[in-house]
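Asker: So the chains spell out like this:
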Amino acid sequence: MRTRVPRRVVSVRVLVSVAIALGIVVGVLVPAHRVRRRVAATQHYDRAVAAYMMSDVTAARTLLAEVARIYPDLSIGALAKLKIAFLCYDEQDLEQASELLSRFLKEHPERIVHLPETPSREYFGELDLVAWFFLAKISRDRGDHKTAHDWFKRILETGSKNPANIIVAETQSIVRRWNQIPINRLPSK
Amino acid sequence: MRSSTSLIRFLACGAVAAAIVWIGLTWLGEFASGSATHTTIKTAMNAGSDAGGGPTSWDTIEEAQFQEFARHQGWKDIRLVTRIFMGDDIEKYIASQIAGEGPDVVIASREQLAFFDEQGLIEPLDAYLQQWSDYQEGQFNKQLLDASRGRDGKILGLPVHENAPGVFVVRRDWLERLGLQSPTTFAEARELWRACTHGDPDGNGQTDTYGYELTMQTRGGGHLYSLAPFMFAVRAPWYRLDDDRNYVPAFNTPEAASVLDFIKQCYKEGLFGKDVMVRSGPSSATYRFFANQQAAMTGPVFVDWFDLVADQNGMADKVQLVPFLWLDEQARDRGIYGAVTYLTRMRCMMKSSSKKLDSWKYLQYFFSKQWLKKILDRRGQPIQRGEYLGQFGLFSNETPWRMIRNDVTARSLLDAEQVALVLPVEQHIIRTPLMSAWPEVATAICEVIVDYYNDLYPTAQTTLDEAERKFQNIMAQKKSGKI
Chain A
44 MRTRVPRRVV SVRVLVSVAI ALGIVVGVLV PAHRVRRRVA ATQHYDRAVA
94 AYMMSDVTAA RTLLAEVARI YPDLSIGALA KLKIAFLCYD EQDLEQASEL
144 LSRFLKEHPE RIVHLPETPS REYFGELDLV AWFFLAKISR DRGDHKTAHD
194 WFKRILETGS KNPANIIVAE TQSIVRRWNQ IPINRLPSK
Chain B
13 MRSSTSLIRF LACGAVAAAI VWIGLTWLGE FASGSATHTT IKTAMNAGSD
63 AGGGPTSWDT IEEAQFQEFA RHQGWKDIRL VTRIFMGDDI EKYIASQIAG
113 EGPDVVIASR EQLAFFDEQG LIEPLDAYLQ QWSDYQEGQF NKQLLDASRG
163 RDGKILGLPV HENAPGVFVV RRDWLERLGL QSPTTFAEAR ELWRACTHGD
213 PDGNGQTDTY GYELTMQTRG GGHLYSLAPF MFAVRAPWYR LDDDRNYVPA
263 FNTPEAASVL DFIKQCYKEG LFGKDVMVRS GPSSATYRFF ANQQAAMTGP
313 VFVDWFDLVA DQNGMADKVQ LVPFLWLDEQ ARDRGIYGAV TYLTRMRCMM
363 KSSSKKLDSW KYLQYFFSKQ WLKKILDRRG QPIQRGEYLG QFGLFSNETP
413 WRMIRNDVTA RSLLDAEQVA LVLPVEQHII RTPLMSAWPE VATAICEVIV
463 DYYNDLYPTA QTTLDEAERK FQNIMAQKKS GKI
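In order, the protein sequence lines correspond to chains A and B. Numbering follows my numbering, in which position 81 of the first sequence is assigned residue number 124; successive positions increment by one, without gaps. Numbering follows my numbering, in which position 311 of the second sequence is assigned residue number 323; successive positions increment by one, without gaps.
Hints listed in this document are in silico derivations from the structure and should not be mistaken for laboratory results. By construction, the Cβ of each residue, glycine as well, lies at the ideal position given by its N, Cα and C atoms. Treat the hints with care, since some could be wrong.
Claimed, not checked - Here are the simulated BS3-like pairs of lysine-lysine, each with C-alpha atoms no more than 25 Å apart in a straight line: (1) B:Lys286 to B:Lys276; (2) A:Lys204 to B:Lys276; (3) A:Lys196 to B:Lys286; (4) B:Lys166 to B:Lys154; (5) B:Lys381 to B:Lys368; (6) B:Lys154 to B:Lys330.
Unchecked claim - Going by beta-carbon spacing under 8 Å, a handful of chain A positions derived as facing chain B: (7) Thr105; (8) Glu109; (9) Arg112; (10) Val173; (11) Trp221.
To be verified - Cβ pair distances, simulated, as ranges: (12) B:Asp185 to A:Asp187: 42 to 48 Å; (13) A:Val78 to B:Thr52: 54 to 60 Å; (14) A:Pro152 to B:Glu80: 43 to 49 Å; (15) B:Asp220 to A:Arg79: 47 to 53 Å; (16) B:Lys385 to A:Gly186: 27 to 33 Å; (17) B:Val290 to A:Arg90: 46 to 52 Å; (18) A:Lys189 to B:Lys280: 36 to 42 Å; (19) A:Val218 to B:Val290: 37 to 43 Å.
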């Protein structure tokens with residue numbers, strides 16, 4: 044003879060089952076959503092790179108700004124901000140580049156390490172090093188060698204020890220050359 | 013009643029089906045007639061053994077850019093399609109010719125171009141160029157055009173640019189540790205190589221380093237590539253064209269014999285490493301120098317390639333260029349030197365093209381100031397532009413050294429210090445003519461030279477005599493059509 048299970052127990056069982064089911068759904072969906080978001084961010088970023096490859100710098104800048112705005116929590120969003128600053132530097136708009144780089148450092152006091160998810164040749168490593176590097180170059184371009192040297196020194200002292208980090212490698216190269224030239228004879232560029 | 017209803021249904025269904033078929037056929041007809049209004053220029057290039065094949069994003073971009081350019085020029089009826097040959101592209105090319113589907117324009121290596129020329133497949137560009145106002149105004153680099161001439165003196169194709177002169181590279185950190193100066197002569201180089209082979213220049217407590225990174229591979233003339241900077245330094249390029257435009261050996265000289273003796277002695281002393289005859293790893297010795305980091309020197313390296321590879325291997329700060337390595341002090345005093353350089357892949361027009369004028373339009377487009385400036389000025393071709401942005405403008409390579417057009421000056425991304433070092437080498441460049449048989453000839457010469465290192469020939473002179481004999485045999489066989 045079967046004993047009747049109390050209704051309260053049944054309710055608890057149902058609740059537990061629903062909770063487990065929900066947990067599984069959430070456990071799968073949340074990471075899936077994150078992955079999907081990262082993929083979307085990378086695709087968005089790649090569109091910016093493609094625009095740049097096609098010599099459309101304006102479109103590239105717009106797309107990079109979108110990546111930075113839509114994905115502020117991802118490293119690619121922060122990277123996009125640096126790319127916009129770099130494009131300003133590349134166009135010799137040192138004021139704007141300097142402002143964007145300083146703002147980047149304020150907005151991201153914690154160190155962000157970017158690891159690319161696509162096979163294209165892309166910077167990977169600490170993003171603050173990039174901001175420091177271009178601030179150093181801007182100082183150097185303006186003839187402020189002392190500030191430039193301080194930024195470069197900071198990169199070498201606190202930056203990655205990975206020899207393939209292009210920022211560190213280039214900084215080492217610049218500092219080596221500087222050490223061979225008296226500071227009052229340093230070139231501005 | 014029922015039968016008339018089903019007849020109506022039947023007719024209605026038939027009408028709908030007929031309408032669908034008619035719309036489909038009309039659409040197809042429009043598509044077909046639309047494509048018939050376009051002339052399609054087919055370009056082809058070698059994709060090596062890349063199993064992926066297919067046009068790359070770069071090709072797709074070029075096709076799109078050409079479309080844009082053509083629209084501006086009012087050439088609305090021309091389209092560009094890029095095709096890739098896989099593997100042995102010469103065989104593929106011949107197969108496509110037989111099938112009547114050959115490309116109009118081919119992007120070829122020096123040897124491929126010379127091969128096509130010998131087979132009578134190339135449309136010389138002289139007549140086309142002479143009618144182009146840009147050429148008439150002297151906008152094309154004469155030295156590069158001359159280097160693009162075939163055996164009969166006609167221009168076979170146009171390169172985009174020429175590499176920097178080949179120079180040597182040395183471990184700066186090892187020099188500093190050993191307290192030595194960068195070498196300037198063969199003898200000084202040998203002293204450095206000895207110190208690095210028998211000492212511990214990397215300070216790891218082991219004698220696991222050696223003097224010079226080179227390859228002894230004979231296939232495809234591998235060893236000759238390593239030997240080239242030494243042979244060119246004594247002005248013994250492998251071959252030249254004589255006054256009758258026949259290929260003749262240029263390596264059988266007393267100075268070249270002294271190079272072979274020098275290399276042999278270094279080999280016997282183990283200055284190239286104990287395993288040099290069987291060494292594995294990257295097939296290019298210059299890549300291996302950066303990747304394995306066991307040797308003190310290598311060559312030839314090109315300054316427009318150097319930074320990127322050095323950086324990729326964390327060597328940017330540990331190496332420096334050696335622009336000159338003279339045979340001896342006398343050669344240095346008399347300024348006798350030579351340096352190797354190479355043209356980039358060249359674009360040529362095929363004689364079999366039924367759309368030569370349109371193909372010439374494509375070449376005019378590709379070598380126009382507007383396009384070359386766009387793809388090469390500042391940040392390189394589209395793929396390099398992607399790298400330029402990706403790497404924040406650092407180490408994005410392929411800055412053109414010497415452009416085919418005089419009126420396109422690319423902003424140099426090269427290190428000014430390195431450029432200043434290499435510029436004096438420019439006046440010593442020896443440009444070798446195009447020669448299709450070079451891979452076979454080079455392999456044969458290589459085998460003889462490596463045999464000499466292994467004592468199968470008594471002297472360097474007999475070795476060079478034998479190499480010259482093999483050179484002549486291969487050329488004679490080619491002439492008689494035996495190979």
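Asker: All hints, please: hold or fail.
Answerer: Hints, verified against the model:
1. B:Lys286 to B:Lys276: Distance of about 13 Å is within 25 Å: holds.
2. A:Lys204 to B:Lys276: Since the Cα atoms of Lys204 of chain A and Lys276 of chain B sit roughly 41 Å apart, the hinted pair is violated (cutoff 25 Å).
3. A:Lys196 to B:Lys286: Cα-Cα ~41 Å, so violated.
4. B:Lys166 to B:Lys154: Holds. Lys166 of chain B to Lys154 of chain B sits at ~13 Å (cutoff 25 Å).
5. B:Lys381 to B:Lys368: 21 Å, holds
6. B:Lys154 to B:Lys330: Roughly 38 Å between the alpha carbons, so the hint for Lys154 of chain B and Lys330 of chain B is violated.
7. Thr105: 14 Å, violated
8. Glu109: 16 Å, violated
9. Arg112: For Arg112 of chain A, the interface hint is violated, since the closest Cβ of chain B sits about 19 Å away, which is over 8 Å.
10. Val173: 6 Å, holds
11. Trp221: Violated, about 12 Å.
12. B:Asp185 to A:Asp187: 42 to 48 Å: 31 Å, violated
13. A:Val78 to B:Thr52: 54 to 60 Å: 41 Å, violated
14. A:Pro152 to B:Glu80: 43 to 49 Å: 45 Å, holds
15. B:Asp220 to A:Arg79: 47 to 53 Å: Since Asp220 of chain B and Arg79 of chain A have Cβ atoms about 49 Å apart, the given range 47 to 53 Å holds.
16. B:Lys385 to A:Gly186: 27 to 33 Å: 31 Å, holds
17. B:Val290 to A:Arg90: 46 to 52 Å: 48 Å, holds
18. A:Lys189 to B:Lys280: 36 to 42 Å: 55 Å, violated
19. A:Val218 to B:Val290: 37 to 43 Å: Since Val218 of chain A and Val290 of chain B have Cβ atoms about 41 Å apart, the given range 37 to 43 Å holds.
In summary, the structure is inconsistent with hints 2, 3, 6, 7, 8, 9, 11, 12, 13 and 18 from the numbered list given earlier, while agreeing with the others.
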